[in-house]
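Participant: Start from the sequences, fold in the hints, and give me the full structure.
Line by line, the protein sequences are chains A and B.
According to this note's numbering, the first sequence is numbered sequentially starting from 1466.
According to this note's numbering, the second sequence is numbered sequentially starting from 1206.
These are computed hints drawn from the structure, not numbers from a lab.
Each hint should be verified, as a subset may be incorrect.
Listed below are the simulated DSS-like cross-link pairs for lysine-lysine, each with C-alpha atoms no more than 27 angstroms apart in a straight line [claimed, not checked]:
no.	chain 1	residue 1	chain 2	residue 2
1	B	Lys1258	A	Lys1501
2	B	Lys1258	B	Lys1276
3	B	Lys1262	A	Lys1535
4	B	Lys1262	B	Lys1218
5	A	Lys1522	A	Lys1501
6	B	Lys1260	B	Lys1218
7	B	Lys1275	B	Lys1258
8	B	Lys1260	B	Lys1223
9	A	Lys1501	B	Lys1208
Quick caveat: nothing in here was measured; it's all calculated off a predicted structure.
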Amino acid sequence: GQQVMQIPQYQHVQEGEDFTTYCNSSTTLSNIQWYKQRPGGHPVFLIQLVKSGEVKKQKRLTFQFGEAKKNSSLHITATQTTDVGTYFCAGHDRGSTLGRLYFGRGTQLTVWP
Amino acid sequence: DVKVTQSSRYLVKRTGEKVFLECVQDMDHENMFWYRQDPGLGLRLIYFSYDVKMKEKGDIPEGYSVSREKKERFSLILESASTNQTSMYLCASRSYEQYFGPGTRLTVT
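Facilitator: Structure below.
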């Protein structure tokens, strides 16, 4: 069945360092979404990528969708303590934008001040 | 703003009890979802629903059932709670992206 793998599971960085989390799907995805969950909170939608090779930026966050639409990454430049949380990727199977999302297990980011 | 609400933030139940977790969304979304979240395991889909009275099993439906009698409400039922169902339960609804409720932390003793 469909699987979405995400690495690393944990990342500890010092404030100001960069951070990247990677997402790989066992099958081609129709889109990829990224969510952030703050400690004690619930996942909140960040962004969606749809096109092969797409790159989107939100301030210090850069999101990429692979050419084959099977992998994605989230890169944070110069982390801040406000970036702390767990980042999840999630995708829909190719040809489907309805129904369920397949979530990765998430990368838990800790930032030392 | 889309709002997804869950009936309880914290719940403590005894083994064998029947447990109802309620979720309500206010944006007329057709799709609704129930996940459980455990440390290191991410979000695991229990059940989802495309429309009223329609349901689909997710990845871990055993021990759970669901009910969707009205579009805005999606209920998760633990027929006979067990200690291994102690977890954080998150409800979500979606149109474009998924909107999650605040979660219910269920402890089964």
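Participant: Does each hint fit the structure? Answer for all of them.
Facilitator: Verification of the hints:
1. Taking the CA atoms of Lys1258 of chain B and Lys1501 of chain A, the gap is about 31 angstroms. The hint is violated against a cut of 27 angstroms.
2. Note on Lys1258 of chain B and Lys1276 of chain B: the hinted pairing holds, with a Cα-Cα distance of about 9 angstroms set against a maximum of 27 angstroms.
3. Of the pairs offered as hints, the one joining Lys1262 of chain B and Lys1535 of chain A holds, with about 24 angstroms between alpha carbons and a cut-off of 27 angstroms not exceeded.
4. Note on Lys1262 of chain B and Lys1218 of chain B: the hinted pairing holds, with a Cα-Cα distance of about 24 angstroms set against a maximum of 27 angstroms.
5. For the suggested pair Lys1522 of chain A and Lys1501 of chain A, the alpha carbons sit about 15 angstroms apart, so the restraint of at most 27 angstroms is met.
6. Taking the CA atoms of Lys1260 of chain B and Lys1218 of chain B, the gap is near 26 angstroms; set against the 27 angstroms cutoff, the hint holds.
7. Taking the CA atoms of Lys1275 of chain B and Lys1258 of chain B, the gap is near 8 angstroms; set against the 27 angstroms cutoff, the hint holds.
8. The suggested pairing of Lys1260 of chain B with Lys1223 of chain B holds, with an alpha-carbon distance near 20 angstroms, which does not exceed 27 angstroms.
9. Between the alpha carbons of Lys1501 of chain A and Lys1208 of chain B the distance comes to roughly 17 angstroms, so the proposed pair stays at or under 27 angstroms and holds.
Hint 1 alone, counting from the list given before, is not met by this structure.
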